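Given chain H, put chain L in place with the hints provided.
Here are the chains, one letter per residue:
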Amino acid sequence: MKDKNIEKLLSAVDDTYINETLEYRKRSNVSDLPVSAGLGIKIAAGVLAILAVGAITVYAAGKLLSKPEIEEHKIIIHNLDYRNPDTPKYDWHITKDDPVSEEVEGGENDKWFLKKTTYYGNYRIVYYVYDDYDKAMSECTLDRWFKVHPGKLKSFLWQTELDDSDKIRSYAATAIVEYEDTEYYYSEHYYPDKDDDYGGLQIEVNDPYNERTYTNKNGTEFVIIDDEEYWGDTYMGVYSYVMFSYDSYYGIFTFENMTDEQIHEVLDALVF
Amino acid sequence: MNDDQILDLFFDRSEQAISETSAKYGKLARTVAFRIVRNEEDVDECESDTYLALWNTIPPQRPDPFVAYICKLVRNISVNRYKYNTAEKRNNLYDISLDELEGCLRGSSDVEKELDAKEAQKIINTFLKGLNRTDSVLFLKRYWFNMSIDEIASETGFTKNYINVHLHRTKERLKSFLTKEGYYEG
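Protein sequences appear in the order of chains H and L.
Residue 133 in numbering that gives the first Met the number 0 is what sits at position 134 of the first sequence, and the numbering runs on without skipping anything.
Residue 164 in numbering that gives the first Met the number 0 is what sits at position 165 of the second sequence, and the numbering runs on without skipping anything.
Just so you know, these hints were derived from the structure itself, not from any lab.
Everything numeric in this text was worked out from a predicted model, so none of it was measured.
C-beta atoms are modelled at their ideal positions from N, C-alpha and C, and glycine is treated no differently.
Straight-line Cα separation of at most 35 Å, DSBU-like style, residue types lysine-lysine; simulated pairs:
#1 H/Lys7 with L/Lys174
#2 H/Lys73 with H/Lys114
#3 H/Lys3 with L/Lys159
#4 L/Lys179 with H/Lys3
#5 L/Lys23 with L/Lys128
#6 H/Lys114 with L/Lys26
Each pair of labels, with its calculated beta carbon distance range:
#7 L/Lys179 with H/Glu227: 25 to 33 Å
#8 L/Asp149 with H/Glu102: 16 to 24 Å
#9 H/His92 with L/Asp7: 16 to 24 Å
#10 L/Glu40 with H/Asp142: 55 to 63 Å
#11 H/Tyr118 with L/Ser21: 20 to 28 Å
#12 H/Ser164 with L/Asn84: 49 to 57 Å
#13 H/Ile167 with L/Glu171: 40 to 48 Å
#14 L/Pro64 with H/Tyr118: 20 to 28 Å
#15 H/Asp14 with L/Glu44: 18 to 26 Å
#16 L/Glu150 with H/Ser164: 27 to 35 Å
#17 H/Ile167 with L/Ser153: 23 to 31 Å
#18 L/Asp115 with H/Asp142: 53 to 61 Å
#19 L/Asn1 with H/Ser164: 18 to 26 Å
#20 H/Asn205 with L/Asn1: 39 to 47 Å
If we take Cβ atoms under 10 Å as the criterion, some of the chain L residues that face chain H in the derived model are:
#21 Arg74
#22 Asn75
#23 Glu101
#24 Thr133
#25 Leu137
#26 Leu173
The following block holds chain H by itself, in its conformation from the complex:
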């Protein structure tokens, strides 16, 4: 195909796709992690997206969790509390200009070491970064999922997303934990408004496989899914994902090149 044809194809792109590209900004906390703070930028290897779909449940003795579904290049988790699919959602308006950010370093009396507020179109995201889980959980309003993390907590970021009327639309936390010679990381999301909640979340992956279940010491069943990760042409190994939801909470765990025994140790430590 000659480049004349390629240019013809590109010139024929519909306005809707151009507009979507202009308005696209990654609305997860991943992009907002400060590089200057020396933190790894991780959540799940994939991209997080909000869904408007129904729920499929699986019974677990310890906790009722929704079961993830696999689609082509995607793992999806549904919200058990999703009940108002027709409720009009907040009209997120994402500015086309670069977002404005304010950054403050924590003082001696602050438990966090960094606070950042980023203003987008008609919403803003405020986050705090901690290096200690107990300090973080003394201020973070999300459920505490671990008594202690297996491994060493590297960073914990807690964020709130507020609309232009100062209503909190979502809470989220991202933790990165060093574990032996590798890492695992997870994000915890909560959508407080039951009448304006979402149907689920999804992450984009490569080719998910090897779906299996594990029931932890507290009797909660988890689904573990593997995916082979490449960065460019470089093979990064097997990343394992565990996703679940309950009561408008979502959890997404990513385990980098960890054995099932190591993953089980982490899942056994979950205390929610």
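Okay, now just chain L, sitting in the frame of chain H:
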């Protein structure tokens, strides 16, 4: 001023329409143009030509979304100016991204079908519809807006490797799509 108000000014044939468009979208238009022509003088020309084209086409058109319409106009004007300026010289990021796409799509046959505008519209938009949102956005940022991988990484928060992997997969999907539709001989 919102887009509807600016469009009303065009319909009223008020020259304020141009200044308001420039204030709101001038920077974006210049960025789109610069990624193609890479020359401030040409960027000025492309921007002015875009406002003239808006003035000449609105009314009767009332584009929605307005911003996408501006981007399309400024991109077309910039591509034409770039072609006019450079003739056979190929040394620009616009060429690099186009070559990247062409390299992936080039078939074994020397005789290739030239698309008409209607076919092109059907092919590209059907293809984009089949992509997930992230892949579609990454594809257009790279090949439509001619953004570098660094720029995309900075704007989206994805790693450069992540972007490269996804662009590679999208190009492979485009190749299979064109093969299936009979526009490419692999």
